[in-house]
Structure formats: structure tokens, C-alpha cells
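Chemist: Here is what each chain is made of, one letter per residue.
Protein chains: 2
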Amino acid sequence: MKRITFLLVAVGTLSVVAFTASRQADEEAATPIFGIKIPHGYRDWRLVSVAHEEGNLNDLRAILGNDLAIKAYREGKLPFPDGTIIARIAWSYVPSEENNKVFGRAQSFVPGPAPDWYLQFMVKDSKKYATTGGWGFAQFNKDGKPADEAMHKTCFPCHEPAKARDLVFTRYAR
Amino acid sequence: MKRITFLLVAVGTLSVVAFTASRQADEEAATPIFGIKIPHGYRDWRLVSVAHEEGNLNDLRAILGNDLAIKAYREGKLPFPDGTIIARIAWSYVPSEENNKVFGRAQSFVPGPAPDWYLQFMVKDSKKYATTGGWGFAQFNKDGKPADEAMHKTCFPCHEPAKARDLVFTRYAR
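Line by line, the protein sequences are chains A and B. 1 is the number of the first residue of the first sequence in our numbering; add one for each residue after it. 1 is the number of the first residue of the second sequence in our numbering; add one for each residue after it.
If we strip away everything but chain A, and leave its shape as in the complex, we get:
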């Protein structure tokens, strides 16, 4: 009887531990200022464009959009409607040795490890984010940890020069 009680307690404890661990994984952190969490399924979104940033960033990036974003982009409609989300994934810019062997020269650059600015999102909500042009801004590292408040304060002023295109720099790549 004692053994059974022990087993029941052990199983119960393990269940609680497992439940807590899965809860923690589900609880995604929200960004300061804008309160944005990583949108589910963003990696399945359609492609808006690609880019390479040199300098301190030195990354290769893909810009994806949810259905509202892609529709607005393709129709050339501005401003983007509420509910639009644009995702930007950045990877460090690294040479591909296996590709270069085939080309016979060092010319091929591909995504490497994730930099601290791995993920960014722009979320359109013209009421909620009225003071920042209708957009909320978010940045996360590879582990899903949001960047700090100071960093998030730089988003809107940096995007303001693109006011004529509703604060969005990236054009749709045709």
C-alpha cells in the first residue's frame, strides 16, 4: 500500500512539473510599450520581400505579411488596414562554403545564426497605437525574449521618414 501511495504521489508530482513546464512555454512575453506577443504561425505567412543590411547589422532578412498585409501590398492600398501584421526575420549574413565550392568562388551568402534582433513585427491598430502612427512595434530575440523599453522607443521615430508609405519601408517584391 505504501508503495502504491508513493507511486501515486510521484506520478502526481511529475504531472504537475510537466504541466508547469508546458504552461511556461505557452506564456509568451509581450513587448514593453506596445504589449505585442509573437503572432502564432507567422513563419507560414507569405513573402513580401527580402533584403541585406550591411554595417553593424550585417544580416539577411525576409519580410513576411499576414493575409491583410499581402492583400494591401498587392492592391497598392494605403494606409494598411487594422489587423495588418508585417513580420521581419533577420539572420546573420554568412558565406556558404558548400555553395562556393560549386560556384568555384566565394560568392554565396546565406542565413547564419540569429542575431539579437531576430524577429520584428509591425501591428496595425489605428486606435490602440494612435500616438505612433497607428502601428505597434515589437522586437524579439531567438528565444522569444522581447527587447527592452529603450529599444522599443526608437522604432517609431526611425519609421517616421516613411510616413508617405504608412511608416512601412519594405516594398513588395514582384
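It cannot be assumed that every hint is accurate.
[What the hints assert, rightly or not] Computed footprint of chain B on chain A; a stretch qualifies when at least three of its residues, placed anywhere within it, have a C-beta under 8 Å from a C-beta of chain B:
(1) 57 to 66
(2) 92 to 101
(3) 153 to 167
[Unchecked claim] Here are the computed lysine-lysine pairs in the BS3-like style, where the Cα-Cα straight-line distance is at most 30 Å:
(4) A/K142 to B/K127
(5) A/K153 to B/K101
(6) B/K101 to A/K163
(7) A/K142 to B/K142
(8) A/K145 to B/K71
(9) B/K77 to B/K127
(10) A/K37 to B/K127
(11) B/K128 to A/K71
(12) B/K101 to A/K71
(13) A/K145 to A/K163
(14) A/K71 to B/K145
(15) A/K101 to B/K77
(16) A/K71 to A/K142
(17) A/K77 to B/K101
(18) A/K77 to B/K153
(19) A/K101 to B/K101
(20) A/K71 to B/K37
(21) B/K153 to A/K142
(22) B/K128 to B/K101
(23) A/K142 to B/K101
(24) A/K101 to B/K142
(25) B/K71 to A/K71
(26) A/K37 to B/K71
Worth flagging that the hints you see were computed from the coordinates, not collected in a lab. Glycine included, C-beta positions come from ideal geometry on N, C-alpha and C.
The hints should help you fit chain B onto chain A, whose structure is shown.
Modeler: Relative to the frame of chain A, chain B by itself:
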């Protein structure tokens, strides 16, 4: 009566002209050797990865995959199953003056006009393409015109070094 006959003939002729024009637009050309047409809806496919090729190519590229491709990539399963299609879109590599103004330095590169090698596809059909590792290869320019036979003869030998990964160079960007 003559006027009505004339109008009917005119309308009829215009309809035939319009019908023929739309037929021609629908009739997409197939590539030499592999007989591949541009797959419908490929621009909606999900992202596999991005890349930059320097040298003579000097392009920015996005690699997309149909559902079978994405599933196989994510599960790390090789060889890719029949029905897999991998798309590669290339744009010329141009500086973005509007982005550079914001960054305060020349560092931002974005997609420019389409080069001659705008679109490429790898289509898996282990029976149909048994002599080329189970893959059919295709290249089209921006107008949907396939590259010539000589060009298509270079695809398979160039991809052979990637035999260990079922002839596919591009890795999935996580």
C-alpha cells in the same frame, strides 16, 4: 440593316481578337528537356530561405516551397517526396536610397529589376526525371519565357555536388 450587320461583324471580330489574346496569355511555355511550366500560385508559397549571390549573378533571392516541400524541410526528411516543388525567385541587388537616408549610411540592399534568371523551379518526380536524380529543372525570365536547352543542360551537373541532400542546396532558415 447593313449598319446592324456591320456592328455584329465588328463585335464578333473584337470578341475573337480578345479571346485569342486571353488564350495566348493562358498558354504558358514549357521548358526544354524537362517540360515544366510555371506552377500556378507559387508566389503564395511559404518561405524556405533567402540568399545573396555576389559575382556575375549579383542578386537577392527568396526560396519558396509548396506544401510538400515545406513539410519535408521541417521534418528533415530526405529524399523529398514526389510532388515537391521548390521555387527560387531572384531580383537584382540594388541599394535602397530611401533606407540608406534613414540609416545615415549606404548599407541597405533590396530587390531591384528582375534578371534573366528571375525564376527557377525544381520539380520532384522520381519516375519522370529518373535520369536527373528525380528532379526536373526549370528557368524562366520575368515574361515567363523559358531559358534555352543549353542552359537547362547545366542544371543537373551543377546540382550533383549536393547529392547527399537530394540535390537541393538551400537549407531551411530557422
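Chemist: Against the 30 Å threshold, does the CA-CA distance of B/K71 and A/K71 hold or violate the hint?
Modeler: 25 Å, holds
Chemist: Do the alpha carbons of A/K101 and B/K142 lie within 30 Å of each other, as the hint requires?
Modeler: 28 Å, holds
Chemist: Would you mind confirming whether the straight-line C-alpha gap from A/K145 to A/K163 stays at or under 30 Å?
Modeler: OK: A/K145 and A/K163 at ~29 Å, within 30 Å.
Chemist: Is the Cα-Cα distance between A/K142 and B/K101 30 Å or less?
Modeler: 28 Å, holds
Chemist: If you draw a straight line from the CA of B/K77 to the CA of B/K127, is it 30 Å or shorter?
Modeler: With a Cα-Cα distance of about 19 Å, the restraint between B/K77 and B/K127 holds, given a limit of 30 Å.
Chemist: Are the Cα atoms of A/K71 and B/K37 separated by 30 Å or less?
Modeler: 26 Å, holds
Chemist: Take a quick look at whether A/K37 and B/K127 sit within 30 Å of each other, Cα to Cα.
Modeler: Violated, at roughly 46 Å.
Chemist: Taking 30 Å as the top limit, are the C-alpha atoms of B/K128 and A/K71 close enough?
Modeler: Cα-Cα ~37 Å, so violated.
Chemist: Taken at face value, is the distance from the CA of B/K101 to the CA of B/K128 at most 30 Å?
Modeler: 52 Å, violated
Chemist: A/K77 and B/K101 were given as a pair; does the straight-line alpha-carbon distance stay at or below 30 Å?
Modeler: Roughly 24 Å separates the two Cα atoms, so the pair holds.
Chemist: When you check the alpha-carbon spacing of B/K153 and A/K142, does it fall within 30 Å?
Modeler: Cα-Cα ~41 Å, so violated.
Chemist: Examine the segment 57 to 66 of chain A for residues whose CB is less than 8 Å from any CB of chain B, and state whether their number is three or more.
Modeler: Coverage by chain B holds for the segment 57 to 66 of chain A (5 residues, Cβ < 8 Å).
In this structure, the earlier hints numbered 4, 7, 10, 11, 18, 19, 21 and 22 are contradicted, and the remaining ones agree with it.
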